[in-house]
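A.B. asks: Following the hints, put chains Z and W in place on chain H, whose structure we already have.
Residue numbers (this note's numbering), protein chains in the order written: chain H, 1 to 187; chain Z, 1 to 187; chain W, 1 to 187.
Everything labelled a hint here was simulated from the structure, so no lab data went into it.
Heads up, some of the hints might be wrong.
Said to hold, decoys possible - What the simulated footprint calls covered on chain W by chain H, stretch by stretch (three residues with Cβ under 8 Å from a Cβ of chain H suffice, anywhere in the stretch; the number is not a length):
1) 39 to 49
2) 106 to 117
3) 138 to 145
As the list claims (entries may be wrong) - Calculated lysine-lysine pairs in the BS3-like style (CA-CA distance at most 30 Å, straight line):
4) H/Lys128 - W/Lys175
5) H/Lys63 - W/Lys27
6) W/Lys63 - Z/Lys78
7) H/Lys37 - H/Lys186
8) Z/Lys183 - Z/Lys14
9) Z/Lys55 - Z/Lys175
10) W/Lys63 - Z/Lys63
11) W/Lys63 - Z/Lys72
12) Z/Lys55 - H/Lys78
13) H/Lys186 - H/Lys175
Just so it is clear, the structure is predicted and the values come from calculations on it, not from any experiment.
Glycine residues also receive a C-beta, built at the ideal position from the N, C-alpha and C atoms.
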Amino acid sequence: MSLTILTGLSGVGKSTVLEEAMLLSDKDYTVINYGDKMFEISKERDLVETRDEMKEIGTETYKEIQAEAAEKIFELSKDKDVILDTHATIKTPHGYIPGLPRWSVEQLNPNKIIMLQASAEEIFERTKEDDRNREHESVEGIQQYLNIEREMSAADAVLTGAYLQIINNPDGAAKEAAEKLVKTLKA
Amino acid sequence: MSLTILTGLSGVGKSTVLEEAMLLSDKDYTVINYGDKMFEISKERDLVETRDEMKEIGTETYKEIQAEAAEKIFELSKDKDVILDTHATIKTPHGYIPGLPRWSVEQLNPNKIIMLQASAEEIFERTKEDDRNREHESVEGIQQYLNIEREMSAADAVLTGAYLQIINNPDGAAKEAAEKLVKTLKA
Amino acid sequence: MSLTILTGLSGVGKSTVLEEAMLLSDKDYTVINYGDKMFEISKERDLVETRDEMKEIGTETYKEIQAEAAEKIFELSKDKDVILDTHATIKTPHGYIPGLPRWSVEQLNPNKIIMLQASAEEIFERTKEDDRNREHESVEGIQQYLNIEREMSAADAVLTGAYLQIINNPDGAAKEAAEKLVKTLKA
Chain H
1 MSLTILTGLS GVGKSTVLEE AMLLSDKDYT VINYGDKMFE ISKERDLVET RDEMKEIGTE
61 TYKEIQAEAA EKIFELSKDK DVILDTHATI KTPHGYIPGL PRWSVEQLNP NKIIMLQASA
121 EEIFERTKED DRNREHESVE GIQQYLNIER EMSAADAVLT GAYLQIINNP DGAAKEAAEK
181 LVKTLKA
Chain Z
1 MSLTILTGLS GVGKSTVLEE AMLLSDKDYT VINYGDKMFE ISKERDLVET RDEMKEIGTE
61 TYKEIQAEAA EKIFELSKDK DVILDTHATI KTPHGYIPGL PRWSVEQLNP NKIIMLQASA
121 EEIFERTKED DRNREHESVE GIQQYLNIER EMSAADAVLT GAYLQIINNP DGAAKEAAEK
181 LVKTLKA
Chain W
1 MSLTILTGLS GVGKSTVLEE AMLLSDKDYT VINYGDKMFE ISKERDLVET RDEMKEIGTE
61 TYKEIQAEAA EKIFELSKDK DVILDTHATI KTPHGYIPGL PRWSVEQLNP NKIIMLQASA
121 EEIFERTKED DRNREHESVE GIQQYLNIER EMSAADAVLT GAYLQIINNP DGAAKEAAEK
181 LVKTLKA
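Here chain H stands alone, though its shape is the one from the complex (with noise of 0.2 Å):
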């Protein structure tokens, strides 16, 4: 079976281009999400009781649960074809978090990483009404974001052997982005 990750920051359309794949494919994948994943492990371990709780949890202890939930998730993609709904970095005022930091994606050791792009543009328009996109200031910040998450992505790629597939989604583009995502999957 097969473990593919997909990245993409918000306002890339992720969900939406994921949800049609998903109708479009003849092939069932099982979609995890990292961030999922972890908080699961960490109400189980009583570190936490909210989702807003994860914030504060030490970095160390944080570390352990990003190690096993990929140890998880691998061990779920030998019986599964799971896609690794998750972030190459996250913003945030302090800088970029690596999302798939060695520890964790040498465990997880994917056979595609997959980024799902837009204009920096794009992204702006896309997220400026959204309260949740306050990491969206400018499409200057945006663009060295996507550098960021490329950089980190093709870093996770030397790391593991993983192909690094590139999608672009332009606006009024989902359908085809979501036939490309199909095609990668399925290679």
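C.D. replies: This is chains Z and W only, laid out in the frame that chain H set:
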């Protein structure tokens, strides 16, 4: 002795510049093509008969052969000054494959990684009438390819501590590029 | 306690911003220069007498000293909040050297990597009359240097899980850059 990795997309003029550099140089280098070495090992193991069949080898076996070839090339570089002609990444319809994943580049332990490049516009013009270069569809696509190549090379340099040299080969300047290559090889 | 790596090309104003930040901060930081630490160790080992002789140390010995310095700095960061002043990459005539190769950055295990930057045009203007900055020949060359620095920093962040923060220091805004640095250090 030394091991230098030479990378460059099709259309940057790698063969021409390398040939010219070997003529200019007063030192002897052993030029090895990574793909050739892998094919040689695969034939010895009766895995393939022709070069084309290399694409049919399963991922795990492919990685093994990649690692074994790296080991042999590293051994050779103890007695000779080796130039390893290869790609930091290869574009396929399913994504960019890292040509020098961690297990390969750490085994090779190169002194230098040299990336020969030209502008996306020049590469487009040089390859548009060549059927072998179907991966170069558009200037924008080539620009992305160049970025990924440089990013994966940078990750390889961080993994090994190798120098990362970037040499430009604009139209009509193959001799200057060859001279810079000779100087870098010698340093 | 904590270890923060601060990188930035010559001409981005690292000394000025760091000095200003130390004045603004209500916390105490121990600032260590990686190169100084390596020189100190090399002198203790009777390998060199002057800083200039550091360039003559063979590669293998250089890597050993780099690793030993990293170990000492990591030990120090257990008791103190350390800011490590260094370079993610150094441009030489023979290529870009990774300033934080894998064995160094994994040993340091930084919490944050902060890259101070300015536009290529500003760096060019700031350094063009300074004889020490002969690596900054052209705006285009500085742009490439900035890209490689960010790409190697991104690889370092993936190897360690460290935050990668990018702080701009445009002309006349050193105070704002220092304030952002203080906030990031504290976070």
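A.B. asks: Go through the numbered hints given earlier and state which of them the structure violates, listing their numbers in rising order.
C.D. replies: Hints 1, 3, 9 contradicted; others consistent.
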